[in-house]
Each structure stands twice: as structure tokens, then as C-alpha cells.
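Using the sequences and the hints given, assemble the complete structure.
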Amino acid sequence: MAGVRRRDRHGRGLRGPLTPPQAPVSRTRAERFADLVEDEAGRFGARWGRELAEVEFAVEEVPDVEPASDGPVPLCETVLQPPPADGDPPVRIVVFRRPVEARASDEVELSRLIRDLLVEEVADLLGLSPESVDPSYDFPDE
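With the first letter of the sequence shown counted as 1, position 90 gets the number 90 in the UniProt record's numbering; the numbers rise by one all the way through.
The hints are simulated quantities; they were obtained by calculation from the structure and are not laboratory data. All values derive from a computational prediction rather than experimental measurement. Where a beta carbon is used, it is the ideal one built from N, C-alpha and C, also for glycine. One thing to keep in mind: the hints can contain errors.
Stated by the list, open to error - FRET-style restraints, in silico, Cβ to Cβ:
#: 1; residue 1: 82; residue 2: 102; range: 29 to 35 Å
#: 2; residue 1: 79; residue 2: 43; range: 17 to 23 Å
#: 3; residue 1: 46; residue 2: 129; range: 18 to 24 Å
#: 4; residue 1: 50; residue 2: 104; range: 29 to 35 Å
#: 5; residue 1: 70; residue 2: 126; range: 29 to 35 Å
#: 6; residue 1: 81; residue 2: 111; range: 15 to 21 Å
#: 7; residue 1: 66; residue 2: 45; range: 32 to 38 Å
Pasting the structure below:
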């Protein structure tokens with residue numbers, strides 16, 4: 001079959017995308033999540049650029065944990081890698097998208113949770129208090 005034609009139901013015309021691909025609404029949840037992490041990492045780069053020059057901020061879907069594990073699922077972790085042979089940074093701060101999204105009720109809370117997680121990881125990495133890394137940091141309600 002040469003060109004596949006989508007159905008023209010009820011004379012409304014051929015189906016196609018509702019929004020152009022560059023529109024924000026057409027981005028996936030994973031892409032929007034990665035954008036939030038990248039924005040927060042950029043904020044740290046502006047203030048702590050020299051200290052974080054060897055740090056890569058990354059997003060992964062889920063952490064690699066044992067299925068029978070009874071402990072809490074990690075939301076974020078700092079991974080120290082062996083000295084880079086292929087140019088990879090020696091430190092990665094990884095945010096796990098699915099567990100973080102499961103704990104946030106809306107986009108505002110998701111953004112705040114990502115910010116707090118990254119502040120805590122960067123503070124731990126630099127040996128500082130979270131408030132000194134980001135003065136707007138709130139202690140989590142536990």
C-alpha cells in the first residue's frame with residue numbers, strides 16, 4: 001500500500017496533529033520533567049559553576065533496586081564514577097522521574113520537589129547546608 005490515508009469520519013477532514021511539534025503542549029511528560037531538572041541545574045551552574053563543573057545532572061525513569069527491597073524507593077542519588085576515560089564527568093546526580101512524579105500532586109509541587117532534591121544532593125556533595133546552597137530551600141514536611 002503506497003500512502004496510508006487516515007479515515008475521514010463524518011466529513012471532518014483528515015486527522016492530523018492538533019498542535020505543531022514545537023508547541024509546549026506537544027511535549028511529553030518525560031521531556032517536561034527533563035526540562036525542569038535542566039532548569040534547576042542551570043540555576044546551580046550560575047552560582048556554583050566552578051564547584052559543579054565536573055557534575056552531570058541526569059534523569060532516569062526508575063532506580064535500580066531489588067524487587068524484594070522493603071526500603072523506600074530513592075528519588076535522587078549521587079553517583080561517583082571512576083576517573084573518566086571517555087570524557088564523562090566523574091560525578092552524576094540522577095533524578096528518578098517516575099517516583100518523583102508519583103509523589104507530586106501537580107506541576108508546582110513537582111517543580112518544588114525537584115528543586116529540593118537537587119539542593120539536598122548538591123549540598124551533600126559540596127559539604128554545605130541546603131540553605132547555603134539555595135536560600136529558598138524549605139525543610140521537607142516529614
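*Of the hints stated earlier, which fail here?*
6
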